[in-house]
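2 protein chains.
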Amino acid sequence: MRLSRYFLPTLKETPREAEIVSHRLMLRAGLIRQQSAGIFSWLPIGKRVLDRISAVVREEQDRAGAVEILMPTIQSADLWRESGRYDAYGAEMLRIKDRHDRDMLFGPTNEEMVTDIFRSYVRSYKDLPLNLYHIQWKFRDEIRPRFGTMRSREFLMKDAYSFDLDEASARHAYNRMFVAYLRTFARLGLKSIPMQADTGPIGGNLSHEFIILAETGESEVFCHADYLDFDTPPADTNFEDVAGLQTIVDRWTSLYASTDEKHDEAAWAQVPADKQVAARGIEVGHIFYFGTKYSEPMRAVVTGPDGREHPVHMGSYGVGPSRVAAAAIEAGHDEAGIVWPDEIAPFDVALLSLKAGDSAVDAACEGLYRDLQAAGLTVLYDDTDDRPGAKFAAADLIGLPWQVIVGPKSLAEGKVELKRRRTGERELLAIADVIPRLTGR
Amino acid sequence: MRLSRYFLPTLKETPREAEIVSHRLMLRAGLIRQQSAGIFSWLPIGKRVLDRISAVVREEQDRAGAVEILMPTIQSADLWRESGRYDAYGAEMLRIKDRHDRDMLFGPTNEEMVTDIFRSYVRSYKDLPLNLYHIQWKFRDEIRPRFGTMRSREFLMKDAYSFDLDEASARHAYNRMFVAYLRTFARLGLKSIPMQADTGPIGGNLSHEFIILAETGESEVFCHADYLDFDTPPADTNFEDVAGLQTIVDRWTSLYASTDEKHDEAAWAQVPADKQVAARGIEVGHIFYFGTKYSEPMRAVVTGPDGREHPVHMGSYGVGPSRVAAAAIEAGHDEAGIVWPDEIAPFDVALLSLKAGDSAVDAACEGLYRDLQAAGLTVLYDDTDDRPGAKFAAADLIGLPWQVIVGPKSLAEGKVELKRRRTGERELLAIADVIPRLTGR
Chain A
537 MRLSRYFLPT LKETPREAEI VSHRLMLRAG LIRQQSAGIF SWLPIGKRVL DRISAVVREE
597 QDRAGAVEIL MPTIQSADLW RESGRYDAYG AEMLRIKDRH DRDMLFGPTN EEMVTDIFRS
657 YVRSYKDLPL NLYHIQWKFR DEIRPRFGTM RSREFLMKDA YSFDLDEASA RHAYNRMFVA
717 YLRTFARLGL KSIPMQADTG PIGGNLSHEF IILAETGESE VFCHADYLDF DTPPADTNFE
777 DVAGLQTIVD RWTSLYASTD EKHDEAAWAQ VPADKQVAAR GIEVGHIFYF GTKYSEPMRA
837 VVTGPDGREH PVHMGSYGVG PSRVAAAAIE AGHDEAGIVW PDEIAPFDVA LLSLKAGDSA
897 VDAACEGLYR DLQAAGLTVL YDDTDDRPGA KFAAADLIGL PWQVIVGPKS LAEGKVELKR
957 RRTGERELLA IADVIPRLTG R
Chain B
537 MRLSRYFLPT LKETPREAEI VSHRLMLRAG LIRQQSAGIF SWLPIGKRVL DRISAVVREE
597 QDRAGAVEIL MPTIQSADLW RESGRYDAYG AEMLRIKDRH DRDMLFGPTN EEMVTDIFRS
657 YVRSYKDLPL NLYHIQWKFR DEIRPRFGTM RSREFLMKDA YSFDLDEASA RHAYNRMFVA
717 YLRTFARLGL KSIPMQADTG PIGGNLSHEF IILAETGESE VFCHADYLDF DTPPADTNFE
777 DVAGLQTIVD RWTSLYASTD EKHDEAAWAQ VPADKQVAAR GIEVGHIFYF GTKYSEPMRA
837 VVTGPDGREH PVHMGSYGVG PSRVAAAAIE AGHDEAGIVW PDEIAPFDVA LLSLKAGDSA
897 VDAACEGLYR DLQAAGLTVL YDDTDDRPGA KFAAADLIGL PWQVIVGPKS LAEGKVELKR
957 RRTGERELLA IADVIPRLTG R
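Sequences listed follow chains A and B, in order. Take 537 as the starting number for the first sequence in this note's numbering and just add one per residue. Take 537 as the starting number for the second sequence in this note's numbering and just add one per residue.
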């Protein structure tokens, strides 16, 4: 993408309303714009980050056997009356009347609707297990939305829902998502730790929050230090292997790890003092097993091998890509701006022309722009006539993993400069060496 | 995807509520489920179709120089008060009060919000031209939603908005989208004809609807028969070439073509009788130039080369992927079910095992499943133990372009059957010849 034809409105001033660093940087780097309290537009590079996060989430859901659908944002209140949550949910639910005065709502979550889909089609245990997920905008009318997209009212969520014949199979469904989440966050460049958690309005008695540690985290968390060195389950993990998945989950739950609400001082005291990590954490995922809480009142039943009807055992599993974008910045930034993990950066490479209009510089840039893209890299080519200083600052602010800097002086020797954003390391190298250096090929 | 692990709930009965063929087939083939009047869930193969349509729309928007963002679904009423449309829009607008009793709405379109984004950042004519688009769910509270996703209340729309210094540049922006739409619909397998159209609540005086002809079309349209044989502008069309684009648009508007509302009997009488096509049409896209209708009241101005402030000239450009999915079925189906255009089919190939559990058939299917995917094709592998007749019927119903049929009898001779859904042609061929036959490699 040529910057001269793009829309990247960066801000010089730090916006006053932003309380945390991710919110400040998302505004300054032109990722988002606030439209109303807790409601944001995603500007071009923000949209790209959101898409990349969603793509990783999707791949890992698919790998774990979940199937993608897309439910609407607007739901009928009647479904929620069936489960009993219409009255229970409180003021966070955005309630709406349509032109025929019917009670509708903007979905804050989808347990009821997906249970309705399930009961409309599935009759037999032979069609289980089933896990349906979607990535859709939700709305929760927070009384005081803040922290940008970390706690917004309209937010993007991947929510998956599993359906099984009994508790044992449902436990395997839970474990699939547990392992999928470990992999998802690792790929997103985030070190997540599953912690015992409260279930809140979703219900049930088994639940883990996936927490990343960050100084600016919203809540206090407590965990054993060894978790920080655990390996992520590999891509070829067999999600059909019941015992194998249980072993992974057992290991990842063998040591103490808890959110503030579930914190148990007695158990905590058993953790050796030099292994106690009490820190701030950011919730990036939350998984629940809640059995028949929705299937019983909503009559989502299947015929079992015994010929009788059984309400299905369900779980739900949420990750918010719009929140993860902010969390990734909380975990990855420095004085100069954002430092994106490679997998979710809006572009792989910033190509900076230090003298647009100079024919040698233009030719070198055009060649690199073409060849980098041909090599499969995404490139933001700063072809504007801004000052070099402004270009360096903007490139650092938006935090693309690599900068390729083309100036007339080095170019006279056939060289360009390569800068790794994360470390600040710079090297001069021949143009022909740039792509092998970046792709390892 | 293995069907045994997928969710493809096809219906044997024709749903009573569906009045048109696309609605019937989308329900029967398990693409959608109605959740409330005019509000649908997209089931797995429906979601895949929607994604493929959106991907083509996105590619052609990008090619034409538009830049993708994502605006939220919920908007503040205040923006619409600035433009004067809050009161003017009528009952189709879904109006909402949040917990603080603020007037909000579910966006039916985004002229106001995108104008607000523009005025927040852009100051100079040097940052023009600019075209921002998003693909987002909209809501229009139709009094009688019907025809499934063809006229639903919650619907997916790609809406692009162009900003230019003056009318001449805005005309070029309009032409870019005009040509992008010709390319988009052609790639989607649809023969579209741009027709003069009314502007309705969007406003302005220059507007074209892109119409496809279909017996079940919602309205009457009139056009010169020669349009049906016009070539689509090629992928390497230069969208920066002002005169070149104008030539394409001039050609595509040189002959008579009009919707019912703009129909001119006198002009129509000039079309030779054997060239008059009066038919039913389905609107699949709509483009508008409306000058300063929003930029003036909302103060979206830039400094021009003359140093003075100018309200920008704008246009907007809409395509509804959720509507296009239905339109593609109206234009492509037969007695047995859907016949998808190759580019938007949910999978490329249906791989049908006629005897799951037979070791030779299983081995052949597994090999084909692996190799077809390795060749870059998407495959729905029917590995269930349903009867062959049921499998054939389901495969025809969901309408994937190719069926690869593996039965024990042909397999004994090393052969499988290949069926082209569109023509019904079948051929027996050696397993090793399947992939070369499908990929042309």
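Worth flagging that the hints you see were computed from the coordinates, not collected in a lab. Since the structure is predicted, the reported quantities are computational estimates derived from the model, not experimental observations. Just so you know, not all the hints are guaranteed correct.
Pairs count within a copy or across copies, as identical chains cannot be separated in the list.
Said to hold, decoys possible - No farther apart than 20 Å at their CA atoms in a straight line, the calculated lysine to any residue pairs in the SDA-like style are these:
| hint | residue 1 | residue 2 |
| --- | --- | --- |
| 1 | K548 | R659 |
| 2 | K951 | R560 |
| 3 | K951 | G976 |
| 4 | K662 | T546 |
| 5 | K662 | Y542 |
| 6 | K633 | P644 |
| 7 | K548 | V658 |
What hints, given by number in increasing order, does this structure fail? 2
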